[in-house]
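Assemble chain V onto chain Y, guided by the hints.
Chains as they are written, first to last, in the UniProt record's numbering: chain Y, 1 to 399; chain V, 1 to 399.
For the record, the hints were derived by calculation from the structure and aren't laboratory data.
Hints are supplied without guarantee of correctness; some may be wrong.
List time: in silico DSS-like cross-link candidates among lysine-lysine, alpha-carbon distance up to 25 Å [claimed, not checked]:
1. 48/V x 68/V
2. 194/V x 68/V
3. 68/V x 277/Y
4. 256/Y x 277/V
5. 277/Y x 253/V
6. 253/Y x 277/V
7. 220/V x 244/V
8. 256/Y x 220/Y
9. 251/V x 277/Y
10. 42/Y x 68/Y
11. 238/Y x 359/Y
12. 90/Y x 220/Y
13. 90/V x 48/V
14. 359/V x 251/Y
15. 220/Y x 194/Y
Protein chains: 2
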Amino acid sequence: MEVRDCLVSAPGKAILHGEHAVVHGKVALAVSLNLRTYLQLKARSDGKVCINLPNIDTFVCWELSELKQLTSFLSDKKEEMQRLDAELVKRLREFIGVTNGNLDSSASAILAFLYIYLSLFGSGDMPSLTVSVWSELPTGAGLGSSAAYSVCLAAAFLCATANIPTPLKEWEQTGRWCQEDLELINSWAFQGEKIIHGNPSGVDNAVGTWGGMLRFLAGKIIPLSRVPLLRILLTNTKVPRSTKVLVARVKDKINKLPSIMIPVLDSVDAISCTCEKVLTEMTCEPITGDHYNILEELIDINQHHLNVIGVGHPSLDTLCQVTAARGLHSKLTGAGGGGCGITLLRPETDSTTVQGTMKDLRDCGYDCWETSIGGPGCRKEDSRRVRPLWRIWISITVL
Amino acid sequence: MEVRDCLVSAPGKAILHGEHAVVHGKVALAVSLNLRTYLQLKARSDGKVCINLPNIDTFVCWELSELKQLTSFLSDKKEEMQRLDAELVKRLREFIGVTNGNLDSSASAILAFLYIYLSLFGSGDMPSLTVSVWSELPTGAGLGSSAAYSVCLAAAFLCATANIPTPLKEWEQTGRWCQEDLELINSWAFQGEKIIHGNPSGVDNAVGTWGGMLRFLAGKIIPLSRVPLLRILLTNTKVPRSTKVLVARVKDKINKLPSIMIPVLDSVDAISCTCEKVLTEMTCEPITGDHYNILEELIDINQHHLNVIGVGHPSLDTLCQVTAARGLHSKLTGAGGGGCGITLLRPETDSTTVQGTMKDLRDCGYDCWETSIGGPGCRKEDSRRVRPLWRIWISITVL
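One chain only, chain Y, in its complex shape (with noise of 0.2 Å):
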């Protein structure tokens, strides 16, 4: 069999607000982060099945005969999607090597990839392909990098399989999918996201999926139709942090201090509530500064409380103190205790403002990009925008 060449791409995703609190059943919003992550297909016809990922170091090629030899493993029951293939997981993990202990994002991301790989191929005619991905998101900054690779790996193999149609038209740049399609792609990218995380949330995949923004709340994953494309910074402070120490740190303040945290949470809640309320009246309404007013208090407040209930750093301080100077507003996005922050950018803050806030970031030692949320979810990307992509990918791998 042999498969046509494509490109796709998936954003990576930042929590707007509700963050902790959604672990205690409040709202939280996602919204797609559009530092993407970019795959590309290329058939080949020697046989082998070759996977780069410049972004991990990760370069590995196989024979197909090898693959084959694990198909025996795949389980019949094909519509039983919702539950990973522990079998074949099992068989995957010792064809690689890793059969104890957590695996490395090297070793994770080549065991999604042959999962989906040999459940999409593995009963039919197996392609021969490389596979490359590159990423503009940090890896394990909780700006879900694991499942934009999971999505795009996903539509690219229902693409080739022809799944999913090719949605690309000539004259297009980019190209989306119906609401099943995507539905198949996101089902597919959480198999990848359990084989990497163990047990996620599925909010992940799904904002790599859909885009825009999405409500999550006791496990029910709202995506949201319409948002409005909101300018940000986005800054790692890259001061590492574990999000089960800082989510057990959340809990064990509400168990001692639970009349002043509850609130707090309620709070929380609210601001995600009055956020969507705005976000959606920006998008049926001419967009107002009183809009972007209300936004920014939002994010002050909710920093206030993300310090309550105990999952603010330092680092994330100088942050807000650093923006608030360029009169900006930022939050933590994420677990918190270090990690990454969100500037929220007014249509008019001008590019002087921006470099300056960047610059002034950046002399903290933190990373910094000029980005968007609320932006598309998975899509097809022109394959003629491969050259210049590649040509970050090279820069990329040679640095």
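Okay, now just chain V, sitting in the frame of chain Y:
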């Protein structure tokens, strides 16, 4: 009638928790601030009544004969202590020539003095005396300096008229009054506060009278029987602010974002209640680092909440940062938007840390005092202490 010389003092007041929330029906904790106001009453034999208020540059003498003419306006209904004698106030304003508009601190202090003097002595033999008042409290900083003044006036005049006993024993340095006497002092001090402030809550004079800590809820003031003495730094950022404007700002914010703000007020309420519980525990069981850990945590959380309800200020952020750099925890006290802040010191906080922090704060342009909260209310001081206290006064008046 000749009066005995006496020296009395009363403490200032700080809000430990619940400022602003109290306006919206939540608990506030008011504590005595051991920056005290001292009043010396000295008999004269020249038929003059004099008042010296060096802190506010006020030095006035009247002939007893002038004051006697005012007694004809005294109401007979002595039992009506709850209401101010409006007719007397009106005549006193005419007497000192301030019939129109708001009173400055000098005029209102004189008015309170004359009102209490005439009310207590006017129906009998009026004594010739000099009242001298000096204070460690900055005026107009929301620290209850006017209430401490009114409490001193009431205590000294009630002693002089023998309405309350002179509690000081020969061998004691200071002396306090019984509950009934304190209630009488407080009710006359409240009259003074009404003259100075129009519509005071009664909290400031209650703290000045009883000292320690008071629970204030829906207009009801409950003195707490036992609280520990806590070391603090009191810092005056000297940023001017209007309590009225700040109260209105909070109200607007609640009206604009009720679902977000009302839980924050509930959380502040719980902070006050938790703090009261911890302080009560500290008087019943051995004080540990854990007690202080919680007190510090409550201070940090409330400072965030006060920012959320809109009464923060960059000068207060700086105060918090400067003290946090020394491992100390601060919050604004009172109206916010500038004004004063308190910093909790632990019993073991060493003088290097304290002195260094005070220097850092003074380098920011702030005034800073090392003092304590939760100390005694109004008391009679040993007159032998007059001499060193006068030295303070002289240094104030000379500077």
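Okay, the hints, checked on the actual structure:
1. 48/V x 68/V: holds, 11 Å
2. 194/V x 68/V: holds, 23 Å
3. 68/V x 277/Y: Distance ~69 Å between residue 68/V and residue 277/Y Cα, so the pair is violated.
4. 256/Y x 277/V: holds, 14 Å
5. 277/Y x 253/V: This hinted pair holds, its Cα atoms lying about 18 Å apart.
6. 253/Y x 277/V: holds, 18 Å
7. 220/V x 244/V: Given pair residue 220/V, residue 244/V holds - Cα atoms ~21 Å apart, limit 25 Å.
8. 256/Y x 220/Y: Judged against 25 Å, a Cα distance of about 29 Å means the pair is violated.
9. 251/V x 277/Y: holds, 22 Å
10. 42/Y x 68/Y: holds, 20 Å
11. 238/Y x 359/Y: Roughly 16 Å separates the two Cα atoms, so the pair holds.
12. 90/Y x 220/Y: Violated, at about 29 Å.
13. 90/V x 48/V: Status holds; Cα separation ~23 Å.
14. 359/V x 251/Y: Violated, at about 39 Å.
15. 220/Y x 194/Y: holds, 17 Å
Hints 3, 8, 12, 14 from the list above are not met by this structure, while the remaining hints are.
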